[in-house]
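The whole structure should be built from the sequences, with the hints applied where relevant.
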Amino acid sequence: MSTGQDSGTPMDTSAIGGCAPEAAICARGIVRDFESGQTTIRVLHGIDTDIKPGEMTYVVGESGSGKTTLISIMCGILWPTEGEVRVFGTDIYSLSDSELVNFRLNNIGFIFQQYNLIPSIDAAANAAVPLIAQGMEIEEAREKAKVLLDKLNIGDQADKLPSQLSGGQQQRVAIARALVHEPRLVVCDEPTAALDANSGRRVMDLLREVAVAKDRACIIVTHDNRIFDLADRILVLEDGEVTHDGTEMPEDH
Amino acid sequence: MLWIAIRMLTGDAQKFYGLLFGIAFSTLLITQQLTIFVNLIERGASGVYNAPEAEIWVMDPVSRTTDVNYAMPSTALDEVRSVPGVEWAVPHLRAAASVRTGSGDLEGVAIIGVDDATLIGLPERLVEGDKKILAQPDTVIIDDGGVVNLFENGEDPIGQRLELNDQRAVIRGVADSIPSFTSQVTLYTKYSQALNFVPGTRNRLTFVLAGVSEGLTADEVAARIEEQTGLKAETREEFADAGVNFIIENTGIPTNFGITVVLGFVVGVAIVGLTFSLFIRDNIKQFGALKAIGVTNAKIVRMVGAQAALVGTVGYALGVIGTVAFIYAFSGNPFFKGFYIPWQIPLISLVSVIIILAITGFIALRSVLSTEPAAVFR
Ligand SMILES: Nc1ncnc2c1ncn2[C@@H]1O[C@H](COP(=O)(O)OP(=O)(O)OP(=O)(O)O)[C@@H](O)[C@H]1O
Ligand SMILES: [Mg+2]
Numbered sequence: 001m002s003t004g005q006d007s008g009t010p011m012d013t014s015a016i017g018g019c020a021p022e023a024a025i026c027a028r029g030i031v032r033d034f035e036s037g038q039t040t041i042r043v044l045h046g047i048d049t050d051i052k053p054g055e056m057t058y059v060v061g062e063s064g065s066g067k068t069t070l071i072s073i074m075c076g077i078l079w080p081t082e083g084e085v086r087v088f089g090t091d092i093y094s095l096s097d098s099e100l101v102n103f104r105l106n107n108i109g110f111i112f113q114q115y116n117l118i119p120s121i122d123a124a125a126n127a128a129v130p131l132i133a134q135g136m137e138i139e140e141a142r143e144k145a146k147v148l149l150d151k152l153n154i155g156d157q158a159d160k161l162p163s164q165l166s167g168g169q170q171q172r173v174a175i176a177r178a179l180v181h182e183p184r185l186v187v188c189d190e191p192t193a194a195l196d197a198n199s200g201r202r203v204m205d206l207l208r209e210v211a212v213a214k215d216r217a218c219i220i221v222t223h224d225n226r227i228f229d230l231a232d233r234i235l236v237l238e239d240g241e242v243t244h245d246g247t248e249m250p251e252d253h
Numbered sequence: 254m255l256w257i258a259i260r261m262l263t264g265d266a267q268k269f270y271g272l273l274f275g276i277a278f279s280t281l282l283i284t285q286q287l288t289i290f291v292n293l294i295e296r297g298a299s300g301v302y303n304a305p306e307a308e309i310w311v312m313d314p315v316s317r318t319t320d321v322n323y324a325m326p327s328t329a330l331d332e333v334r335s336v337p338g339v340e341w342a343v344p345h346l347r348a349a350a351s352v353r354t355g356s357g358d359l360e361g362v363a364i365i366g367v368d369d370a371t372l373i374g375l376p377e378r379l380v381e382g383d384k385k386i387l388a389q390p391d392t393v394i395i396d397d398g399g400v401v402n403l404f405e406n407g408e409d410p411i412g413q414r415l416e417l418n419d420q421r422a423v424i425r426g427v428a429d430s431i432p433s434f435t436s437q438v439t440l441y442t443k444y445s446q447a448l449n450f451v452p453g454t455r456n457r458l459t460f461v462l463a464g465v466s467e468g469l470t471a472d473e474v475a476a477r478i479e480e481q482t483g484l485k486a487e488t489r490e491e492f493a494d495a496g497v498n499f500i501i502e503n504t505g506i507p508t509n510f511g512i513t514v515v516l517g518f519v520v521g522v523a524i525v526g527l528t529f530s531l532f533i534r535d536n537i538k539q540f541g542a543l544k545a546i547g548v549t550n551a552k553i554v555r556m557v558g559a560q561a562a563l564v565g566t567v568g569y570a571l572g573v574i575g576t577v578a579f580i581y582a583f584s585g586n587p588f589f590k591g592f593y594i595p596w597q598i599p600l601i602s603l604v605s606v607i608i609i610l611a612i613t614g615f616i617a618l619r620s621v622l623s624t625e626p627a628a629v630f631r
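Protein chains in written order, with our numbering: chain A, 1 to 253; chain B, 254 to 631.
Honestly, the hints are just simulated from the structure, not real lab data. Using N, Cα and C, we set each Cβ at its ideal position, and we do this for glycine too. Where hints are given, some of them may not hold.
[Claimed, not checked] With a straight-line Cα cutoff of 30 Å, these simulated DSSO-like cross-link-like pairs (lysine-lysine) come out: (1) A:Lys151 <-> B:Lys538; (2) B:Lys552 <-> A:Lys144; (3) B:Lys538 <-> A:Lys160; (4) A:Lys146 <-> B:Lys552; (5) A:Lys144 <-> A:Lys160; (6) A:Lys160 <-> B:Lys268; (7) A:Lys214 <-> A:Lys151; (8) B:Lys538 <-> A:Lys144; (9) B:Lys552 <-> A:Lys160; (10) A:Lys146 <-> B:Lys538.
[Claimed, not checked] Here chain A is said to cover these stretches of chain B; the calculated rule only asks that three of the stretch's residues, wherever they fall, bring their Cβ under 8 Å from a Cβ of chain A: (11) 294 to 300; (12) 537 to 546.
[What the hints assert, rightly or not] Residues of chain B placed beyond 12 Å of chain A at every Cβ, according to the derived structure: (13) Met261; (14) Trp341; (15) Thr504; (16) Ala551.
This is how it looks when you write it as structure tokens:
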């Protein structure tokens, strides 16, 4: 079952070089510059990579290496200076602004580090936001969100406001919000940065349980070396270039 | 999403009430001040409204209002009566006088002499006494506002003796009348009696009040009177407007009220603008998240629009209810006698509220719309 709609474009990955037809994300020649006063800083230097569905892909690297910039581009919220990104076959930066917004709404789930829950609506409504944005009735959307909150073991907190929840519970609500509309791509920036080692591992286990699926890709940005062993695949970024791509961390890290 | 927008706003009680207060305050100030202004300047026409039978007011060409007047020779009455289309015409005297009350206070009053035979020129209704009582010698009828001014300790005015320019007068009735702009005490008496009260100059006929024959309009007949007599003749409406315009042109009232109304608007913009911007800033991360998740700018505009509409509707209603409550609470006070809220005024304050929200909403929106969705990962 999938609510993720192909935004028109049929699966066609032959257009850009060497894209596997089953790739969830196919990024080619990604360059990103930032203007900083008079000077232009190149943060990403032409990145080519594929992200496969059914895997948990980690993007790791030192602070400032460009991890956040890269996933922002891969999930359609930051325009690359050069290059092309296909998400499930759709060349997302050739879409119009509103098409891209709708593409994100239907295909991508976000987990923000600061959760960014809406303080005055309860946990179930917060988790239901993507469904409500898609136009579903509030009550129906809340019911669907509650099922997911149950699965995340906070079903009994569904009627509480975010301020009445612990940090960990809030994060679960944020995870539920990222998954409630069954997106085909889930992106997550530093999910464990604020947590101790045990909680961090528990969150990653949870994410693996609920977020990873056969037809869904999951990208996690982190520099938390305590959880590197939970990855299916690790991309290491150094100064805007991919220096390692494998199932485990390279020896020298 | 509108439901979420409304909950975002009402969930932040402090700012929600701040916004409501700002709008309600502006509405109240604008509506209330405009209401007082309009009612106050309409007092410039109270002399006209208090003589409801008169369809045409005839006067010396230099006279401007019921109170700013110059007397005519008494022959003017017959001249007016001889104009075709004048159904009836009666003399009307208005003059100032000084009155000494029983307790020895001195007060300036307006004397109004009404036609002996028809009593035309008297307000429609008396609060106390009967119009016929004017037939008794020395009788005056006082206006209800004047009772409060002249008898501050709540004495019954009926039967009170006054010394009017050295003449004896007895109050034998109280008229239900619209107060004058200056809230001056007004004493109604017969025309012949008024001539006794007012020291003798040759010309004391200040106005001739006239009625119009069937089939003719007041405008037509007034024009004929002017043509035939060389006097000034104004219809009831024209003369009422003249009284209002005189107040507008010769007092600082429009400026004073204008300043307050503008202040109400500016304070509204300031309070609402500041609170709205604070609210948006507090929620900018949430708006950013919504944008990243997939809410279009058009929907964000509608969300902020719904928030503004809610604040506007409730705040405006509170402001108008506040004004009505204010007028109602003071309806017993003679100064506020007859106060009403012309329908144009709530409309003006509604437009003001819409402008306030449009300005402040636009400013607040700009920051939301310019927020990069990518900012949520920072
Ligand atoms: N909006 C921006 N304007 C200017 N420079 C930016 C902007 N966003 C990122 N940068 C720069 O790009 C570089 C990479 O930033 P990015 O946030 O991608 O790093 P990161 O790997 O996620 O780091 P961290 O681990 O600290 O989150 C940094 O040098 C940063 O200063
Ligand atoms: Mg980062």
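Hint by hint, here is what the structure shows:
no.: 1; hint: A:Lys151 <-> B:Lys538; result: holds, 27 Å
no.: 2; hint: B:Lys552 <-> A:Lys144; result: holds, 23 Å
no.: 3; hint: B:Lys538 <-> A:Lys160; result: holds, 20 Å
no.: 4; hint: A:Lys146 <-> B:Lys552; result: holds, 25 Å
no.: 5; hint: A:Lys144 <-> A:Lys160; result: holds, 16 Å
no.: 6; hint: A:Lys160 <-> B:Lys268; result: holds, 22 Å
no.: 7; hint: A:Lys214 <-> A:Lys151; result: holds, 19 Å
no.: 8; hint: B:Lys538 <-> A:Lys144; result: holds, 25 Å
no.: 9; hint: B:Lys552 <-> A:Lys160; result: holds, 26 Å
no.: 10; hint: A:Lys146 <-> B:Lys538; result: holds, 24 Å
no.: 11; hint: 294 to 300; result: violated (count 0)
no.: 12; hint: 537 to 546; result: holds (count 8)
no.: 13; hint: Met261; result: violated, 6 Å
no.: 14; hint: Trp341; result: holds, 72 Å
no.: 15; hint: Thr504; result: holds, 51 Å
no.: 16; hint: Ala551; result: violated, 8 Å
In terms of the numbered hints stated before, the structure departs from hints 11, 13, 16, listed from lowest to highest.
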